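So the chains spell out like this:
Number of protein chains: 2
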Amino acid sequence: MRTYSLAVDGMGGDKAPKAIVEGVCRACAAGDLQILLTGDEAILETELAHFPKVRKYIEIIHAPQAIPMDAKPKEIFDKYPDSSMIKAAELVSQGLAEALISAGNTGALILASAQTIPRIRGVHRTALAAVYPTSNALERKDIFSLILDVGANIIVDRDHMIHFALMGNAYAQKVTGLERPLVGLLNMGSENNKGGPKYIEVNRILESLPQINFYGNIEGSDLMKGIVDVVVTEGFCGNIAVKTMEGVAEAAMGLGRLAFRKKLIWKLGMMMLSGGIRQVKKISDYQEYGGAPILGLEKLVLKCHGRSTPRAIDNAIKLAVKCTRDDLVSTMKSAINSFEQEFTRPDYDHITGFDT
Amino acid sequence: MRTYSLAVDGMGGDKAPKAIVEGVCRACAAGDLQILLTGDEAILETELAHFPKVRKYIEIIHAPQAIPMDAKPKEIFDKYPDSSMIKAAELVSQGLAEALISAGNTGALILASAQTIPRIRGVHRTALAAVYPTSNALERKDIFSLILDVGANIIVDRDHMIHFALMGNAYAQKVTGLERPLVGLLNMGSENNKGGPKYIEVNRILESLPQINFYGNIEGSDLMKGIVDVVVTEGFCGNIAVKTMEGVAEAAMGLGRLAFRKKLIWKLGMMMLSGGIRQVKKISDYQEYGGAPILGLEKLVLKCHGRSTPRAIDNAIKLAVKCTRDDLVSTMKSAINSFEQEFTRPDYDHITGFDT
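Read top to bottom, the protein sequences are chains L and F. Using our numbering, the first residue of the first sequence is number 142, and each one after it goes up by one. Using our numbering, the first residue of the second sequence is number 142, and each one after it goes up by one.
For reference, chain L alone in the conformation it holds in the complex (with noise of 0.2 Å):
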């Protein structure tokens, strides 16, 4: 059996470094896991006795440092530069792990990637991926599609959304198996025409390319639908499209609870209601998920939510493993490669000078 080295952070995220020590531990269990964990040796070694059975399966790499989640992440190598988060990119950059995982700060660990492990030859801008569940209009067996960059840059160029597009259709590829997953454009209107020259240029050349089986543009109400697998946008839009989507989604829940507060006749039609509503739920549970990718650079780096339960973690080592097994980095680098040599750039350069 092969084993898997990765490099988790054991100090980053609200519930760390409790949470992610029993995350660890649970995805130990499968056995075929070497873990560089990193964070203060005496505080990781007290969590780390309530699991002896899988103890062996653990290094604790000693970080005496954890960046707070509100740090400014230019900051971070100056203030945190013996931080459990760097600490554990470096173990990755070194080779010693395959993968890095970590709850902590998003913009630190963008940051703190992006300054240590090597990018994919070609790639100028790595991308934050955030998968979000969706009504399935598909109806595959996966209910999440993938939606980059939400955040890692602001906006970007044609090129780079191009590189986006790769990324995200191998990752799509390997982690839900998909041959030829559904691309989508993220736009103002779905018409081709629409967006300006940028966007007018990327979907031209998404629909010229014979690896990116793509749907054309999608608009905002398209998103939660989940008609396509991948969707394609820069950090600025797509982190507000993201999180809109989860603003909403709170909000429901909370006009619902207001609503039904009000009546006895209500509320128990909500109790007859609950297993129902644990259903509708579940779709929306990022916990299932485990981790958000950055992508982009030589080795895997999946972000998890600040919130992250020991589930979550254990849901994001398993990704890990996933995409280190299925080899998701070189699938990667040879989209990009074969889009960088047989694209004929000056095909589409005779539109330059803007990035709007």
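The reader is advised that the hints may include incorrect statements.
Estimated spans, in silico, between C-beta atoms of each pair [what the hints assert, rightly or not]:
#1 219/F with 218/L: 57 to 67 Å
#2 332/L with 219/F: 37 to 47 Å
#3 280/F with 447/L: 22 to 32 Å
#4 213/F with 348/L: 13 to 23 Å
#5 338/L with 256/F: 14 to 24 Å
The following residues of chain F were derived to be distant from chain L, with all beta-carbon distances above 10 Å [claimed, not checked]:
#6 330
#7 357
#8 385
Keep in mind the hints are simulated off the structure, nothing from the lab. Since we're looking at a predicted model, the values are computed, not measured. Quick reminder that beta carbons are idealized off the backbone N, C-alpha and C, glycines included.
Got chain L; can you put chain F on it based on the hints?
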């Protein structure tokens, strides 16, 4: 009693002319209206025959063409010069009507208005605003917030965004009666250094303007909470944000139906809850609100939903009367004027040359 003269596009919208005529006739019951209803004379006359009591308040302005809902906006002046929408815009620009109301093709209406009705002096970009229901975190009488721009433009310059803030502020003052509406800037993070140079500048200027009660940056997850009265954004992202909200609400209802179909006890629960659900639904009912204003022109233009019912049209007409009576356009003009005059431009112009 003062009489308000409004131009109504009789042929715009999925349910035109029937729903439009009925809505107009409902509104006319108030007796203070002179409606210039544009469209095919014979068709409109037949519809109006059902409402003899209010017939005297309505004048048909013959326009033999109707702009299809899927027409390309750029082609309307060539292909549909005698359309009900362009005719209605002309009536307004000629001073024969004080506001324009249409449930037709959105892009066409923005273009028809912008090409026909003069812009407010100093304004270089009109904005399409949308009114959306929130869970009312501010606990105000009005549960709606205003967001602009949602698609009249793709991206705009810094100063255009300030104009959007000033116009949205004036609209919220007049329509919801708030003296100091809270204004937020939609961004990819709440900290004031987020979103790149243009957004940092817009944040700083809004913070400095005494006429704006600036909340600061808000995120996608804040939109539905209703923590501000006016949300400032650019057309591309605003469009995606608003459509995402619509899409999630739809998806949530679909998921609910799915779960609830499965078990008898859930079905019973749903029946008991139907009153509560109606109440929740009412909050997200766009008909209540009337129309989405196109701001920046010398006259008010209201875009009603394509699926507008008679009630929606009735509400839009009431809204137009309110805005006309309270002299919304003058308030906007003086806000823009005072900003353009008093704002010490050199102070802010040290960063130039970017538009992203």
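Outcome of the hint check:
Distance hint check for residue 219/F and residue 218/L: the Cβ-Cβ separation is about 59 Å, which falls inside the suggested range of 57 to 67 Å. The beta-carbon spacing between residue 332/L and residue 219/F, approximately 19 Å, falls outside the hinted interval of 37 to 47 Å. At roughly 28 Å, the beta carbons of residue 280/F and residue 447/L sit within the given window of 22 to 32 Å. Checked against the hint of 13 to 23 Å, the pair residue 213/F and residue 348/L passes, with Cβ atoms roughly 20 Å apart.
Separation of residue 338/L from residue 256/F is about 22 Å and conforms to the stated range, judged on CB atoms against 14 to 24 Å. Non-interface status of residue 330/F relative to chain L is broken: a Cβ of that chain comes within 10 Å, the nearest being about 8 Å off. Listed as outside the interface, residue 357/F is consistent with that label: its C-beta sits roughly 16 Å from the nearest C-beta of chain L, beyond the 10 Å cut-off. Listed as a non-interface residue, residue 385/F fails to keep its Cβ farther than 10 Å from every Cβ of chain L; the least gap is roughly 4 Å.
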